[in-house]
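From first to last, the protein sequence lines stand for chains R and F.
Each residue of the first sequence is one higher than the last, beginning at 1 in the numbering used here.
Each residue of the second sequence is one higher than the last, beginning at 1 in the numbering used here.
Take these hints with a grain of salt, some might be off.
To give an idea of the chain F side of the interface with chain R (calculated C-beta under 7 Å), a few residues [unchecked claim]:
#1 PRO51
#2 MET52
#3 VAL55
#4 PHE58
#5 ASN70
#6 GLY71
#7 PRO76
#8 MET77
#9 ALA88
#10 LYS92
#11 ALA94
#12 ASN113
Here are the in silico distance ranges between beta carbons for each label pair [said to hold, decoys possible]:
#13 R:ALA50 x F:VAL34: 30 to 36 Å
#14 F:ILE74 x R:ARG100: 31 to 37 Å
#15 R:ARG125 x F:ASN132: 35 to 41 Å
#16 R:GLU52 x F:THR110: 27 to 33 Å
#17 F:PRO63 x R:ALA11: 50 to 56 Å
#18 F:ALA11 x R:ASP15: 44 to 50 Å
#19 R:LYS104 x F:LEU64: 41 to 47 Å
#20 F:LYS151 x R:PHE29: 25 to 31 Å
#21 F:PHE126 x R:GLU127: 32 to 38 Å
#22 F:ASP135 x R:GLN14: 14 to 20 Å
#23 R:ASP109 x F:THR147: 24 to 30 Å
#24 R:GLY53 x F:PHE126: 22 to 28 Å
Think of the hints as simulated: they come from the structure by calculation, not from any bench.
All C-beta atoms, glycine included, are put in the ideal place defined by N, C-alpha and C.
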Amino acid sequence: MNAVPDLKFLAPGQDLPVRTFQAEPVQLFLYNAALWNADRIHFDYPHATAVEGYPALVMAGPLLGDWLAQAANEWVGEAGVLCSLEYSNRRACYVGDVLRSVGKVKSVDAPSGEVVLELAILNQRDEVTTPGTAVVRLGRR
Amino acid sequence: MTSVVGPELLALIGKTAAPQTQLVTRRDICKYSVATSQRQRKYLDGDEAPPMFHVALFWPVLPLEELSDNGVAIDPMFPDIPGRRPMAGGLKVAFQRPLKPGDELTATRTLTNIYSKLGSNGSLVFVEVTMNVVDAAGELVLTEKTTRIMK
């Protein structure tokens with residue numbers, strides 16, 4: 001995973017580890033099954049493409065949000081807690097895409113231990129599909 | 001100029017859905033953790049729920065005949081605005097504590113705001129629904145604000 005973040009050495013601009021996700025249909029199926037989400041755009045290829053006009057099966061928006069949460073949560077590890085996450089689904093992602101989560105430190109408040117992280121999911125064309133912001137607090141669990 | 005968000009839409013602010021209570025189980029945490037490619041053992045073993053697990057916990061479970069033809073569970077909290085198509089907006093979640101197996105959680109959803117903005121291709125209507133989740137002791141465990149954009 002990554003080294004434990006330490007407030008003494010953190011500064012705005014520092015990168016979080018990058019993680020790659022292959023958008024594939026088995027995971028998409030399991031995710032929507034876990035939710036109980038039967039939206040055809042996620043599993044019915046003829047419907048998604050011919051009826052709704054998408055180029056392929058559509059990845060579930062909240063799954064991308066979860067990957068952002070993981071980027072922040074894995075980075076903070078046992079050194080603190082994830083306090084909040086905010087994101088928006090700006091651009092659809094599709095089965096076959098190669099996605100990656102990225103992030104960087106936006107601000108550090110040493111007295112409170114609060115660190116704001118800028119996060120994003122990018123596709124294989126380096127387009128930001130899902131920008132987000134997380135607040136983590138170091139030093140308290 | 002007539003406002004895009006008229007009094008009949010503004011009157012929906014404050015509308016609340018019936019509270020929904022769900023039990024957190026280890027098996028559901030395990031399923032969610034596998035489906036989201038979690039890498040931390042506590043999540044994969046179901047000892048603790050990943051932060052976004054509540055999305056699955058409170059997803060609506062409706063009879064088949066109540067799903068739309070395209071398989072979507074229509075959320076009655078979001079108004080149907082003639083001539084406008086809903087698009088995914090964003091989500092904002094504030095976490096108070098991790099969820100664990102055995103937690104009995106109650107979610108209450110309220111339509112908290114409707115407003116419009118002028119986009120590059122005309123007006124957009126934003127609808128915000130806020131969900132507060134409390135545990136069996138009544139302590140707040142998380143708050144989630146969902147924004148849907150009506151184009």
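Results for each hint:
{"no.": "1", "hint": "PRO51", "in the structure": "holds (5 Å)"}
{"no.": "2", "hint": "MET52", "in the structure": "holds (4 Å)"}
{"no.": "3", "hint": "VAL55", "in the structure": "holds (5 Å)"}
{"no.": "4", "hint": "PHE58", "in the structure": "violated (10 Å)"}
{"no.": "5", "hint": "ASN70", "in the structure": "holds (5 Å)"}
{"no.": "6", "hint": "GLY71", "in the structure": "holds (4 Å)"}
{"no.": "7", "hint": "PRO76", "in the structure": "violated (17 Å)"}
{"no.": "8", "hint": "MET77", "in the structure": "violated (16 Å)"}
{"no.": "9", "hint": "ALA88", "in the structure": "holds (4 Å)"}
{"no.": "10", "hint": "LYS92", "in the structure": "holds (4 Å)"}
{"no.": "11", "hint": "ALA94", "in the structure": "holds (5 Å)"}
{"no.": "12", "hint": "ASN113", "in the structure": "violated (15 Å)"}
{"no.": "13", "hint": "R:ALA50 x F:VAL34: 30 to 36 Å", "in the structure": "holds (31 Å)"}
{"no.": "14", "hint": "F:ILE74 x R:ARG100: 31 to 37 Å", "in the structure": "holds (34 Å)"}
{"no.": "15", "hint": "R:ARG125 x F:ASN132: 35 to 41 Å", "in the structure": "holds (39 Å)"}
{"no.": "16", "hint": "R:GLU52 x F:THR110: 27 to 33 Å", "in the structure": "holds (31 Å)"}
{"no.": "17", "hint": "F:PRO63 x R:ALA11: 50 to 56 Å", "in the structure": "holds (54 Å)"}
{"no.": "18", "hint": "F:ALA11 x R:ASP15: 44 to 50 Å", "in the structure": "holds (47 Å)"}
{"no.": "19", "hint": "R:LYS104 x F:LEU64: 41 to 47 Å", "in the structure": "holds (45 Å)"}
{"no.": "20", "hint": "F:LYS151 x R:PHE29: 25 to 31 Å", "in the structure": "holds (28 Å)"}
{"no.": "21", "hint": "F:PHE126 x R:GLU127: 32 to 38 Å", "in the structure": "violated (23 Å)"}
{"no.": "22", "hint": "F:ASP135 x R:GLN14: 14 to 20 Å", "in the structure": "violated (36 Å)"}
{"no.": "23", "hint": "R:ASP109 x F:THR147: 24 to 30 Å", "in the structure": "holds (27 Å)"}
{"no.": "24", "hint": "R:GLY53 x F:PHE126: 22 to 28 Å", "in the structure": "holds (24 Å)"}
In this structure, the earlier hints numbered 4, 7, 8, 12, 21, 22 are contradicted, and the remaining ones agree with it.
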